[in-house]
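Trainee: Below, each chain spelled out in residue letters.
There are 2 protein chains.
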Amino acid sequence: MSTMDIDTDYFDSYFDLNVHELMLKDKPRTLSYKNAIELNSIDFKDKIVLDVGSGTGILSMFAAKAGAKRVYAVEGSLMAGYCELLVRENHLHNIITVLSKRMENVDSEDIPEGKVDIIISEWMGFYLFHESMLNSVIEARDRWLKPNGIMFPSRAELYLQPVNMEPLYQSKVNFWNDVYGFDFSILKGPALERIHGVPLTDYIDKKQLVTEDEGQVTGKLIREFNFSTVTCEELEDIVIDHIKYSFPLNERTKGLKAIQGFCIWFICYFEGSQKTVTLSTAPGDPETHWKQTTIPLPGDIQLQGGEEIICRLQMKQDEDNSRRYVLTLDFPDEDEEEGTTNQDIQVHSIENIDEYQDIEEEKIE
Amino acid sequence: MSTMDIDTDYFDSYFDLNVHELMLKDKPRTLSYKNAIELNSIDFKDKIVLDVGSGTGILSMFAAKAGAKRVYAVEGSLMAGYCELLVRENHLHNIITVLSKRMENVDSEDIPEGKVDIIISEWMGFYLFHESMLNSVIEARDRWLKPNGIMFPSRAELYLQPVNMEPLYQSKVNFWNDVYGFDFSILKGPALERIHGVPLTDYIDKKQLVTEDEGQVTGKLIREFNFSTVTCEELEDIVIDHIKYSFPLNERTKGLKAIQGFCIWFICYFEGSQKTVTLSTAPGDPETHWKQTTIPLPGDIQLQGGEEIICRLQMKQDEDNSRRYVLTLDFPDEDEEEGTTNQDIQVHSIENIDEYQDIEEEKIE
Numbered sequence: 001m002s003t004m005d006i007d008t009d010y011f012d013s014y015f016d017l018n019v020h021e022l023m024l025k026d027k028p029r030t031l032s033y034k035n036a037i038e039l040n041s042i043d044f045k046d047k048i049v050l051d052v053g054s055g056t057g058i059l060s061m062f063a064a065k066a067g068a069k070r071v072y073a074v075e076g077s078l079m080a081g082y083c084e085l086l087v088r089e090n091h092l093h094n095i096i097t098v099l100s101k102r103m104e105n106v107d108s109e110d111i112p113e114g115k116v117d118i119i120i121s122e123w124m125g126f127y128l129f130h131e132s133m134l135n136s137v138i139e140a141r142d143r144w145l146k147p148n149g150i151m152f153p154s155r156a157e158l159y160l161q162p163v164n165m166e167p168l169y170q171s172k173v174n175f176w177n178d179v180y181g182f183d184f185s186i187l188k189g190p191a192l193e194r195i196h197g198v199p200l201t202d203y204i205d206k207k208q209l210v211t212e213d214e215g216q217v218t219g220k221l222i223r224e225f226n227f228s229t230v231t232c233e234e235l236e237d238i239v240i241d242h243i244k245y246s247f248p249l250n251e252r253t254k255g256l257k258a259i260q261g262f263c264i265w266f267i268c269y270f271e272g273s274q275k276t277v278t279l280s281t282a283p284g285d286p287e288t289h290w291k292q293t294t295i296p297l298p299g300d301i302q303l304q305g306g307e308e309i310i311c312r313l314q315m316k317q318d319e320d321n322s323r324r325y326v327l328t329l330d331f332p333d334e335d336e337e338e339g340t341t342n343q344d345i346q347v348h349s350i351e352n353i354d355e356y357q358d359i360e361e362e363k364i365e
Numbered sequence: 001m002s003t004m005d006i007d008t009d010y011f012d013s014y015f016d017l018n019v020h021e022l023m024l025k026d027k028p029r030t031l032s033y034k035n036a037i038e039l040n041s042i043d044f045k046d047k048i049v050l051d052v053g054s055g056t057g058i059l060s061m062f063a064a065k066a067g068a069k070r071v072y073a074v075e076g077s078l079m080a081g082y083c084e085l086l087v088r089e090n091h092l093h094n095i096i097t098v099l100s101k102r103m104e105n106v107d108s109e110d111i112p113e114g115k116v117d118i119i120i121s122e123w124m125g126f127y128l129f130h131e132s133m134l135n136s137v138i139e140a141r142d143r144w145l146k147p148n149g150i151m152f153p154s155r156a157e158l159y160l161q162p163v164n165m166e167p168l169y170q171s172k173v174n175f176w177n178d179v180y181g182f183d184f185s186i187l188k189g190p191a192l193e194r195i196h197g198v199p200l201t202d203y204i205d206k207k208q209l210v211t212e213d214e215g216q217v218t219g220k221l222i223r224e225f226n227f228s229t230v231t232c233e234e235l236e237d238i239v240i241d242h243i244k245y246s247f248p249l250n251e252r253t254k255g256l257k258a259i260q261g262f263c264i265w266f267i268c269y270f271e272g273s274q275k276t277v278t279l280s281t282a283p284g285d286p287e288t289h290w291k292q293t294t295i296p297l298p299g300d301i302q303l304q305g306g307e308e309i310i311c312r313l314q315m316k317q318d319e320d321n322s323r324r325y326v327l328t329l330d331f332p333d334e335d336e337e338e339g340t341t342n343q344d345i346q347v348h349s350i351e352n353i354d355e356y357q358d359i360e361e362e363k364i365e
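Going line by line, the protein sequences match chains A and B. Its first residue numbered 1, the first sequence is counted upward by one per residue in UniProt numbering. Its first residue numbered 1, the second sequence is counted upward by one per residue in UniProt numbering.
So that you can see chain A by itself, here it is in the shape it has in the complex (with noise of 0.2 Å):
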């Protein structure tokens, strides 16, 4: 597939009305935006507001709410149209302007003040990074974005954290040991296989995340994100060495369960001059719709007490589609070179839209 029918692809996918009604509902996703905004009205208070990929244009009507002199709301698939009616229905076309572009295709005609104040945008994908659209988001900040101007969300944090994945092989391997009495455990092998190599993007419990520390229950912080001064080319490839986790031998070691997988999640904040706001998708938060993305490992890790793991992280744009990554997990092994690995993951992310659709998949009860 070219560039251009990615793209097109990707825009294409955005012209759906149950991908806007999924993160629209997604309460913990629009509430933590409109929360930002009201709360630091002062930020948008008779300024120029720029909304990158504004879809139905939720964010551009918060922050026209919030006092905003002029919103411009750069819309790139069909949406733009909808966008453009829900604006005017709701009586703030004097404040919000509509433009049924690609951000990328935005030009000095479009903004005449030639600067914008603060930017919004709700660019996020799984494992923070799927989709790109941050890179978009960039390009904005570099050509319109005052000094010193806002950007929300403000920074993220990136966290990886070993869990055990005992309840998805309790239901999709250990299942086939005994099934109406019948012993169908060669289809345990089969069964592995679709659950290593491909990302899970799922809700992990809480309970499932394998902590090194009694009180540490958030997870290793392997990496932050400064949307101010982030630039594409650091997306292009992410490498995030020397995680370590320890597990030292004691009392408590012995309930620890098997490692089957690690475990990535982010969180967002929008600091405001008043205050700031998080928007969490950590395991044990409120649900979002970017759940959590779990690295299956090809085999378990079991503990004793004693150990420690070191590993590293690479998330690599996908050389034919850069909208995904390729989503590496390596264990060095310490005695070797640096770079040589003895035990090495390689998982590709999969497609956005898929998931999307099969979120949407509802029950009517």
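The set of hints was computed from the structure by calculation and includes no laboratory data. Among the hints, a few may not be true.
Identical copies go unnamed one by one, so any copy, or any two together, can satisfy a pair.
[Unchecked claim] Subject to a maximum C-alpha distance of 30 Å in a straight line, what follows is the list of computed DSSO-like cross-link-like pairs (lysine-lysine):
(1) Lys-206 x Lys-34
(2) Lys-25 x Lys-207
(3) Lys-188 x Lys-65
(4) Lys-207 x Lys-257
Since the structure of chain A is provided, determine the placement of chain B on it from the hints.
Mentor: Relative to chain A, chain B alone:
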């Protein structure tokens, strides 16, 4: 797509462990076969059994355990390989012969006995007929079943009942009335369009059924099918005329909800010599992977009491893909000539395989 491609896709879809896992984990489904076979072991003891579309071979194993002399497990997808291994693993290879071919290619060398005593098959699709696998079972019956041989399941009943779809409308349509304080109601039109025109495969709550009499909760039986006698021709274009629902004017009618769709479900019966076992997919009964199929109306029917609704359901094999049906609901105008309609709802059935994949999406908890 040519018929050959459609069939290739069809058989490919069953070489998917997730699909078999889903079906095996559907307890009302699998247990009804298990019970039907175990509780009617007299029909299996020392008999020749044909299992059409054996998948993993679970039904063949039930039959072997019930004392069958010989079971022919016919599987046209690559699952036949696993089926063979599972049969061997469970030491049933002296009884079960796996035939790795499509039913229509089975010949007299495959079944040297020439005839079988009983045919077991789990061929049912959404709204009973989706996938049109019954055709293969009928052809197998006409060629291989002894006179007075047994079909499992032996017969089915098809039900149709008006339903209130308020939970769906509330969630998918009325949601747009107030989106975080903004009026998004212009999106109700597009949202409604998405609901109308395609049948909904989802669970309907028993409380959503709009019933005529206080006592009636099981829905209207509109057609019975006897699998010992039904022909392939009869399945090409199933028309059920003059289906009547009366809502008399009385105290109770005041509480009736609007009709927004018509829900289809089926109940299968295994009429063995010892016991009749039932497999119900009705609203209110334990959930199966068949869910229910609801044809949404383009507009609500408001009930005030005194109404009589007469409709006609047509289930016609799609000319382009005989594994799909076009479902059409008509409301004939009694004043006009027969054949004309005052309200015509035509809905195409959806692809089965996507549905399975959606269903498959599971939570880790």
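Trainee: Look at each hint and say if it fits the structure.
Mentor: Okay, the hints, checked on the actual structure:
{"no.": "1", "hint": "Lys-206 x Lys-34", "in the structure": "within (27 Å within a copy, 38 Å between copies)"}
{"no.": "2", "hint": "Lys-25 x Lys-207", "in the structure": "both (26 Å within a copy, 25 Å between copies)"}
{"no.": "3", "hint": "Lys-188 x Lys-65", "in the structure": "between (56 Å within a copy, 23 Å between copies)"}
{"no.": "4", "hint": "Lys-207 x Lys-257", "in the structure": "within (10 Å within a copy, 44 Å between copies)"}
The structure shown violates none of the earlier numbered hints.
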